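J.: Per our numbering, the sequence shown starts with residue 15, numbered consecutively.
A hint or two may mislead.
[To be verified] Listed next, with one range per pair, are the computed distances between beta-carbon atoms: (1) Ser430 - Glu385: 19 to 27 Å; (2) Asp541 - Leu277: 50 to 58 Å; (3) Asp130 - Arg67: 32 to 40 Å; (4) Ser68 - Gly496: 23 to 31 Å; (5) Thr584 - Arg517: 38 to 46 Å; (6) Arg517 - Cys87: 39 to 47 Å.
Hints were generated in silico from the structure; no laboratory data involved.
If you're wondering where the values come from, they're calculated on a predicted model, not measured in any experiment.
Even for Gly, the Cβ is constructed at its ideal location relative to N, Cα and C.
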Amino acid sequence: MNRALDVVIPAGGDPGLLLRCLVALRCDGNEIDLRVIVVANGPALSQNQATARSLLTAFENERQTLIVVANTCPGKTAALNRGDRERRGGAVLYLDADTIILPGTLAAIVAGLATDEPLLVAPPMVLVRPEGRLERGFASVWPRLSGMENDVVGAGLYATNAAGRRRWREFPLIAADDLFVRSRFARGERKLLAAGGFLFNIPQGSDLLRAKRRWDHGNRALAGLHDVQPGNLPKRSFRSRLGDVGRLWREGPGLACFVLLALSARLTRGESDGAAAWIGPKPRPIAPIAPRRPHIGICIVTHNNADEIEACLASLKSRWSDLSIRIEDNASVDGTVDLVRRTGCRTKITANLVNRGFAASVNRLAADFGEEVDHLLLVNPDVELAADAIDQLIAASLASETEAIVGGRMMRHDGSVDPTNCLAEPSLRQSIAFALGLRRWPCCGWLDPDALGGWCRTGIRTVPVLTGATLLINRALWDRLGGFDEQYFLYGEDVDLCIRSKRLSSATLFTGFAHYVHRGGASSAGDSQRWVAILRGKVSLYRQHLPSLASRLARGLLLCGVALRAMAETSGLARTKIWRDLWRNRDLWRRGWPPNSSVAGAAAT
Numbered sequence: 015m016n017r018a019l020d021v022v023i024p025a026g027g028d029p030g031l032l033l034r035c036l037v038a039l040r041c042d043g044n045e046i047d048l049r050v051i052v053v054a055n056g057p058a059l060s061q062n063q064a065t066a067r068s069l070l071t072a073f074e075n076e077r078q079t080l081i082v083v084a085n086t087c088p089g090k091t092a093a094l095n096r097g098d099r100e101r102r103g104g105a106v107l108y109l110d111a112d113t114i115i116l117p118g119t120l121a122a123i124v125a126g127l128a129t130d131e132p133l134l135v136a137p138p139m140v141l142v143r144p145e146g147r148l149e150r151g152f153a154s155v156w157p158r159l160s161g162m163e164n165d166v167v168g169a170g171l172y173a174t175n176a177a178g179r180r181r182w183r184e185f186p187l188i189a190a191d192d193l194f195v196r197s198r199f200a201r202g203e204r205k206l207l208a209a210g211g212f213l214f215n216i217p218q219g220s221d222l223l224r225a226k227r228r229w230d231h232g233n234r235a236l237a238g239l240h241d242v243q244p245g246n247l248p249k250r251s252f253r254s255r256l257g258d259v260g261r262l263w264r265e266g267p268g269l270a271c272f273v274l275l276a277l278s279a280r281l282t283r284g285e286s287d288g289a290a291a292w293i294g295p296k297p298r299p300i301a302p303i304a305p306r307r308p309h310i311g312i313c314i315v316t317h318n319n320a321d322e323i324e325a326c327l328a329s330l331k332s333r334w335s336d337l338s339i340r341i342e343d344n345a346s347v348d349g350t351v352d353l354v355r356r357t358g359c360r361t362k363i364t365a366n367l368v369n370r371g372f373a374a375s376v377n378r379l380a381a382d383f384g385e386e387v388d389h390l391l392l393v394n395p396d397v398e399l400a401a402d403a404i405d406q407l408i409a410a411s412l413a414s415e416t417e418a419i420v421g422g423r424m425m426r427h428d429g430s431v432d433p434t435n436c437l438a439e440p441s442l443r444q445s446i447a448f449a450l451g452l453r454r455w456p457c458c459g460w461l462d463p464d465a466l467g468g469w470c471r472t473g474i475r476t477v478p479v480l481t482g483a484t485l486l487i488n489r490a491l492w493d494r495l496g497g498f499d500e501q502y503f504l505y506g507e508d509v510d511l512c513i514r515s516k517r518l519s520s521a522t523l524f525t526g527f528a529h530y531v532h533r534g535g536a537s538s539a540g541d542s543q544r545w546v547a548i549l550r551g552k553v554s555l556y557r558q559h560l561p562s563l564a565s566r567l568a569r570g571l572l573l574c575g576v577a578l579r580a581m582a583e584t585s586g587l588a589r590t591k592i593w594r595d596l597w598r599n600r601d602l603w604r605r606g607w608p609p610n611s612s613v614a615g616a617a618a619t
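Working from the sequences, and respecting the hints, build out all of it.
T.: Here is the structure:
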């Protein structure tokens with residue numbers, strides 16, 4: 015099979031976004047004869063040229079070709095036509111410079127285009143859930159409109175083979191280049207791929223209204239071309255729109271937001287919407303990244319994990335990055351250290367004679383890596399990652415324009431989703447939900463802030479808090495935060511890190527494409543001792559991050575919740591056997607972790 019693929023990227027926007035796009039391409043191009051053509055134009059022409067050229071060595075090291083050309087003619091159409099002159103004449107992928115592909119996308123495109131018949135393909139579009147209510151409503155409806163669902167959308171990425179590319183000569187001077195290309199292919203000649211994907215960020219605020227007006231202008235201009243086949247385009251008649259409303263009425267507020275935005279775009283449209291070079295408001299600065307294949311430093315802290323560590327180490331694989339693994343063992347007595355040394359994998363392990371605590375050990379491992387890594391990956395020893403989990407975490411990190419903490423989808427051994435790695439920030443409402451046991455009652459789950467509105471842990475979105483079974487964090491962000499707060503001997507340090515990162519305007523991002531199985535509690539001597547550590551962490555979080563009065567009330571409600579559960583066990587209403595012990599030993603946890611937790615290990619070991 016011919017594994018050659020040309021990629022044309024019109025680059026007229028922010029150089030930081032282009033760099034992230036190219037890094038993702040470079041990482042996903044293994045075993046593919048890749049030729050990437052970057053056409054720099056627009057106001058940032060020289061910056062985009064320099065950004066693309068900074069990756070020349072990285073592409074050459076993988077025997078891939080990166081061509082950087084300048085085009086003084088404004089507009090995306092001119093850049094596409096200029097890039098076409100550098101193609102080899104085979105399969106071609108047209109990619110926007112602000113688009114991040116997911117792992118396996120290029121291989122899926124090459125395999126999908128392995129036919130002599132004309133074909134247009136694209137992987138699934140994955141919307142990064144926006145923050146604003148209007149944007150979220152638009153995002154809940156737009157991909158499900160007739161003609162878009164289960165079809166090649168474009169929206170930043172589409173590809174065709176040599177026979178398909180012969181369907182047109184040059185791109186016309188319109189904004190809707192993706193719909194123009196789609197109009198050249200009948201429904202049977204368009205294929206939505208099952209593998210791979212690309213991340214699409216919905217514009218925010220007034221940018222979304224401007225973008226909608228531009229999209230509408232492109233659609234109107236496309237309809238006016240004499241050689242367009244209308245049957246290949248999405249239906250936009252009044253009748254089809256009524257059908258969409260009838261089909262999507264359950265979306266309720268989301269549908270109302272979409273209709274409001276569509277009407278606003280129609281009422282405010284003008285001639286400038288179709289400008290060849292559209293320039294929106296100045297974007298916020300993009301966090302810098304290294305122009306190379308990412309270097310990941312994996313930090314693992316063990317304590318009596320001989321039964322799990324071998325499977326954990328075997329699951330640490332990546333096609334997108336170079337991995338370095340370092341382990342600090344906290345006084346294991348079950349042979350964990352000897353087992354790691356016998357595995358033969360390239361792992362550096364340090365053995366402590368005493369349990370120094372999880373937070374302190376991770377901080378030492380991170381310091382040991384120095385500046386040689388771009389990201390730190392914190393992995394519990396009782397975790398097994400899916401084959402592409404690390405690569406999916408990297409892709410999500412590239413999609414974030416700010417420095418980010420990224421977590422994945424935590425699974426149980428039976429294949430069910432464990433939602434407890436995405437939580438709400440510590441609050442009085444959270445402590446009320448714990449005291450009343452709302453999580454145990456499905457009908458009251460919407461009252462529990464940790465349920466995050468009943469969200470089923472799919473897609474990609476920002477979340478309030480991620481817990482630390484598997485976390486990827488930018489090295490620069492880690493250094494700015496000063497690592498974990500070492501007062502948290504065990505449990506709570508990850509929540510505290512996420513809260514502090516938000517104060518630095520960083521993102522806490524969840525991706526449902528990175529799966530891992532977490533056994534949970536394997537480093538604790540028993541459920542009772544594990545819950546002592548969990549409750550100590552909760553008390554410390556309430557004390558540190560809530561106002562004085564709310565903190566006192568939250569800690570009191572925590573005591574009430576434990577007392578009610580202990581009473582239920584005593585009366586035989588509960589099957590568990592730990593809450594009575596926790597109530598009797600409440601002096602161990604009701605004050606939280608002491609400021610110097612290095613001497614507090616006895617309660618958690």
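J.: All hints are to be evaluated individually against the structure, with a verdict given for each.
T.: Each hint tested on the structure:
1. In this structure the hint that Ser430 and Glu385 lie 19 to 27 Å apart at CB is violated, the actual value being about 40 Å.
2. For the hinted restraint 50 to 58 Å between Asp541 and Leu277, the CB-CB distance of approximately 56 Å keeps it satisfied.
3. For the pair Asp130 and Arg67, the supplied restraint of 32 to 40 Å holds, since their beta-carbon distance comes to about 36 Å.
4. For the pair Ser68 and Gly496, the supplied restraint of 23 to 31 Å holds, since their beta-carbon distance comes to about 30 Å.
5. Our hint of 38 to 46 Å for Thr584 and Arg517 holds, since their Cβ atoms are close to 43 Å apart.
6. Taking the beta carbon of each, Arg517 and Cys87 are about 44 Å apart, inside 39 to 47 Å as hinted.
In terms of the numbered hints stated before, the structure departs from hint 1 and from no other.
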